[in-house]
Amino acid sequence: METGRVDFVHVQRMTDRQPRVLLAESIERGTDDAALLASLRKPLGLARYRCTALLAQGQYLLLQTDAVAGSPEEAREQLRWKLKDQVDFPVESAAIDVLPVPSASRSPQVFAAIAPESAVAPLVQAFQAAKVPLAAIDLPELSQRNLAALFEEAGRGLAALIFDDHEGILSFSANGELLVARHIEITAQQLMAADSAQRGQLFERITLEIQRSLDNFDRMYSAILLSRLVVAPIPGVDGFLDYLRANLTVPITVLELSSVLDLGATPALLDPVRQFQCLRVIGAALRDEPGATEGLNLTAGNAEPSSESAKP
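For the sequence shown, the positions run 766 to 1077 when this note's numbering is used.
Any given hint could turn out to be false.
What the hints assert, rightly or not - The calculated label-pair distances, taken between Cβ atoms and stated as ranges, are:
hint, residue 1, residue 2, range
1, 894, 832, 36 to 44 Å
2, 894, 918, 40 to 48 Å
3, 792, 988, 39 to 47 Å
Stated by the list, open to error - Below, computed lysine to any residue pairings styled on SDA-like, alpha-carbon distance capped at 20 Å:
hint, residue 1, residue 2
4, 896, 801
5, 807, 792
6, 849, 838
7, 849, 830
8, 847, 875
9, 847, 874
10, 849, 831
11, 807, 788
12, 849, 837
13, 847, 836
14, 849, 874
15, 807, 793
16, 896, 808
17, 807, 898
18, 896, 798
19, 847, 857
20, 807, 897
21, 849, 834
22, 807, 770
23, 847, 831
24, 847, 837
25, 849, 839
To be clear, the hints were calculated from the coordinates, so they are not data collected in a lab.
Glycine included, every Cβ here is placed at the ideal spot set by N, Cα and C.
Throw the hints in and build the complete structure from the sequences for me.
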């Protein structure tokens, strides 16, 4: 849910065919999320779906850390307290889950996702009050991983860069698994609003961040060859890909949804603006169930019973 709107996307996975986007709607958001969901329950048929809600920047942390021994439940609880000094909210009631990081010939690593109860509980309660089933709570990094997987080449790694209203995320993945996620503190709105000189400075900052990340990835995962960097276009921001191509050696292509998804039922997504608005939510809707490593099950600690945990 964005500040001013709620985006709804339904994707149907197909055997031996491109996934089909069957629904892509954006609704103005008011002050009562439960009332909004309830009002859309019948028109959009929300009760028929296993819904995934996507957290936004500032509502969670995704931290890479050493794995700990034990069952999944034991590992989550150990990490909850291990991360206590890295967050500024109570960990005992926080929602937390763990996602393995594929080995790179070093000590086992995991991504630990942790979100305060204040971010997760109202979201879950809104779905419950509206009688809309909430199956999972996911993160932009995992949404981006889902999209990137559609562009991967067998046996090769892929870098993907997507900017939204909050930030830019540069991800590295291989075999459908997230390896690295880097955050770039520049928003799409900054790029859209910048004049020519300012935009050039922003392009330079982004390129430096990408180059550093490419170098770090090469050191960490030297056995994985990157096929390319896929970049999601930003409406009204011209010259960005040309600048990247002129200053980076990695091949760069456009993230073009129509090449990997069937948009026949949602032709509005051919519009670059609508595609930009819905891109993160499309990635969340691509969540592939029920694989244990497909997404995050944000499990609460001492949360109230109404704050039920989400599951893949």
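Hint check results:
1. 894 to 832: 36 to 44 Å: For residue 894 and residue 832 the Cβ distance comes to about 37 Å; the hint holds.
2. 894 to 918: 40 to 48 Å: 45 Å Cβ-Cβ, so the 40 to 48 Å window holds.
3. 792 to 988: 39 to 47 Å: Because 46 Å falls inside the window, the suggested range holds.
4. 896 to 801: holds (12 Å)
5. 807 to 792: Given pair residue 807, residue 792 holds - Cα atoms ~15 Å apart, limit 20 Å.
6. 849 to 838: holds (17 Å)
7. 849 to 830: holds (13 Å)
8. 847 to 875: Holds, at roughly 13 Å.
9. 847 to 874: holds (14 Å)
10. 849 to 831: With Cα atoms ~15 Å apart, residue 849 and residue 831 stay inside 20 Å; holds.
11. 807 to 788: holds (14 Å)
12. 849 to 837: Holds. Residue 849 to residue 837 sits at ~19 Å (cutoff 20 Å).
13. 847 to 836: holds (16 Å)
14. 849 to 874: Holds, because 18 Å separates the two Cα atoms, which is no more than 20 Å.
15. 807 to 793: holds (17 Å)
16. 896 to 808: Holds, at roughly 14 Å.
17. 807 to 898: Measuring from Cα to Cα gives roughly 13 Å; hence the hint holds.
18. 896 to 798: Satisfied, since the Cα-Cα distance of roughly 12 Å is no more than 20 Å.
19. 847 to 857: holds (12 Å)
20. 807 to 897: Since the Cα atoms of residue 807 and residue 897 sit roughly 10 Å apart, the hinted pair holds (cutoff 20 Å).
21. 849 to 834: Judged against 20 Å, a Cα distance of about 18 Å means the pair holds.
22. 807 to 770: Between residue 807 and residue 770 the Cα gap is close to 19 Å, so the pair holds against 20 Å.
23. 847 to 831: holds (10 Å)
24. 847 to 837: holds (15 Å)
25. 849 to 839: holds (16 Å)
Hint violations for this structure: none, all hints satisfied.
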